[in-house]
Amino acid sequence: MSHQDIKFYQTGTFTVGNRLLDPEQRSVQSTLERTNALNSGHRACPGCGEALGARYAMDAAMAATDGQIVVANATGCLEVFSTPYPETAWQVPWVHSLFGNAAAVGAGLAAAMRVKGKSDVRVIAQGGDGSTADIGFGPLSGMFERNDDVLFICYDNQGYMNTGVQRSSATPPAARTATTPAVGPHPGHQRGMGKFVPEIAMAHHIPYVATATVADLRDIEAKVTAAMSLRGARYIHILVPCPLGWGSASHDTVRLARMARESGLFPVFEARDGEVTDSLKIRHQVPVEAFLKPQKRFAHLFGKQRDEEAIAYLQARADRNIRKYHLLEA
Amino acid sequence: MDKPMVKPFAITLDPGSSLANHTGSWRTVRPVYVHRLPPCNNGCPAGEDIQGWLFHAESGDYEKAWHVLTENNPFPAIVGRVCYHPCESACNRGQIDEPVSIHAVERFLGDEAIKRQWAFPRPAQRSGKRVLIVGAGPSGLSAAYHLARLGHEVEIHEAGPMAGGMLRFGIPKYRLPRDILDAEVARILDMGVRLHLNRKVDNALAAKQEGGFDAVFLAIGAHIAKRAYIPAGAAARVLDAVSVLHDMEAGERPLLGRRVVVYGGGNSAIDVARTARRLGADEAIIVYRRTRDAMPAHPSEVHEAEDEGVLFRWLSTITQADEGALTIEKMALDEAGKPQPTGEFETLEADSLVLALGQDVDLGLLDKIQGIEIEGGVVKVGENMMTGCAGIFAGGDMVPSERTVTVGIGHGKKAARHIHAWLNGELYQKPPTPPIATLDRINRWYYSDAPKTVQPELDAERRLDGFEEVVHGLNADNALFEARRCLSCGNCFECDNCYGVCPDNAIKKLGPGQGFEIDYDFCKGCGLCAAECPCGAIDMVPEDI
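Here the protein sequences line up with chains A and B, keeping their order. Each residue of the first sequence is one higher than the last, beginning at 1 in my numbering. Each residue of the second sequence is one higher than the last, beginning at 331 in my numbering.
Quick caveat, the hints were computed from the structure, so don't treat them as lab data. It cannot be assumed that every hint is accurate.
[What the hints assert, rightly or not] Here chain B is said to cover these stretches of chain A; the calculated rule only asks that three of the stretch's residues, wherever they fall, bring their Cβ under 8 angstroms from a Cβ of chain B:
no.: 1; segment: 16–22
no.: 2; segment: 29–35
no.: 3; segment: 153–161
no.: 4; segment: 222–231
no.: 5; segment: 290–300
[Claimed, not checked] Some chain B residues close to chain A (C-beta under 8 angstroms, calculated; not the full set):
no.: 6; residue: Pro345
no.: 7; residue: Ala836
no.: 8; residue: Phe852
[Said to hold, decoys possible] A few chain A residues that don't get close to chain B, going by computed Cβ distances all over 12 angstroms:
no.: 9; residue: Arg26
no.: 10; residue: Gly108
no.: 11; residue: Val115
no.: 12; residue: Ala178
no.: 13; residue: Pro185
no.: 14; residue: Pro187
no.: 15; residue: Gly194
Glycine included, every Cβ here is placed at the ideal spot set by N, Cα and C.
Use the sequences and the hints to build the structure in full.
Here you go:
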């Protein structure tokens, strides 16, 4: 992986910090000096994965650029809970325009910095899966193909959670949302729909594409740092569990992200110039059930009669990811 | 710098900070840092804070680790060798891969302390009280150490020619080298404890009064070998384990012959059989009336004895001893699992028979002392380790207990605390014990996979050449590795997980050694910190609403 694994120091590099490591080996989040780019007092639900992921990523970007960051944010949970006018939880220069244009605003900011000769000020655009995969997809693809000097971060909570949990094109099959009720022969979200944006980003042959989850802090920090060391269009897609939309306990956010990765349902990898270069290996493989069962949006799979067929379908998706991204150690 | 910008009114308001929004008001449960009792600490008969000293060993601060360790037990080099480590049986890691090899790290710290001549702190002030300790075994020395730390003047009267008690006269050299024993005893004497050898106390109360002592702690052990009636021919050579092991230390090496039979199933039986092999016996056979599972000897010692060629005869009793031969009766287990005679006899050739059937206490020094109660050959003591006679306390093998070195050391500490309180006219109040840190509170995902470090052992062929120590110690590198296998059950080890996983920055990091603090102004009570705490040191407690 892009970060250096510490083999054995009680908890190695699995925990946020580790008092046994040398200071230079420690994570940004473990330090007293972290920026807290997304500060206390924001109105995200208890246990919000997006708030956590955004702070992880943004603090790492701040650390990697000496704080020279400007952020364009799409409409969505992240914008609504962080910045109800006139208050904001952001401790970075931050601009919100529309739901669909974060990538375009980011591209414009990058152009402005270039014109002003401020090459040291870096631009990040960010949003949820709705503004990334659906509403802002055109501007995003444009930013990629022009290779604008922007890092786009998508916080993927697999639906439109802020507006009442509607499906997005990142909602997984069988998941119940307000618009995909658990009725019919295949209850929940239909099969054969949706898209996986990281692979589409790779198809643009941009310098850097990566996925991550909030369960692997070291991995996020390494990827954001790697992205900030490059110029051109870069894309990081972070899985952020949503207690509200997933119907999960607020204390299970990190565990669910971990189960998504350890089951293979969410592949964590890194790609450069359109080619997968590395993947984070599964440490203790779990069946997809470990990810699905704690979530109410999949409760219909585990009712009086278990929906074995649907569970097997999702397991097959996980197994395909494991093969495709070599998620198990050879 | 730049000239002031002319901005339209609508965007001239500076943004306010979200810090005005105290999201702590949303909370229905609150996280609280707790200290749970690690199962190792709970299992330690000497009451060591094992997780506490491993914490320092993990960072390589062995001296600090040793000081924390010796607050409870002054003999790490000794017990690191001879304790049967109930801590490791209790270790949560044992249910994940293998227990942390606590005894190996403890031994390393003890050896390190001897090598580097670390010393105990001298008491800050003297109490002016004098305490007599009878018996310089593990229990008496432990009490002496703790009383000296508390500022009391301590005098030990030991009947034998050397200090150590059963450590010296019961445990063979190949398990406990004598230079180690001497070094750890000397360190206690260096604190100002006075030791009188070859001074037998005939009457405890008289000794107290004559010497002007304020209190007495009796720890004379159990040195009288139990006998069983075995019809023996005039020329049969029958000895007992206590005297065999005693003679190994002081006196002439016992003559055991070429074929030695040891009768009994405890640790002493194993010690004698292994000693016999080292003295040149071709055959050392342990005869025991029950099965291997029922044997009180520790499995690790049985295993080491087998490696050295010691043989075992299970379910057998000795009915007759003659010159050169024994008569053995086979036993069978009845429905209740008890051995019953079968009437089947056989002959076993043996040059000598050593009885290892347990030991009794020599209670002569308590004769005619009012209030003292004896039951089952041992002295009754209260919760505070005091006998029925005020001011006379007792511990170790002479009171009802599991007779091990570590239990004796624990008695010494416990008695010292009660004696200290008693001398001040107070009652010692044991601090409340927190609930146990159970495995279900551990978030196992965070710990690296790491099997335990195996201590190197002396080759079986080389062991029989002499009394060289069988099990070797760890070195600084693998001791560090082993210490770092500790899960730190129920006690924060500053991994920063709570600080990191809080989506609301509601946890304040206070710096090394200071731990963390929760900012209840912003904590929403999501519980992520508790769920992701590797060691289970955070509880979620309902708010009063």
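Hint numbers not upheld by this structure, sorted from lowest to highest | Hint check: 3, 4, 5, 9 fail, others pass.
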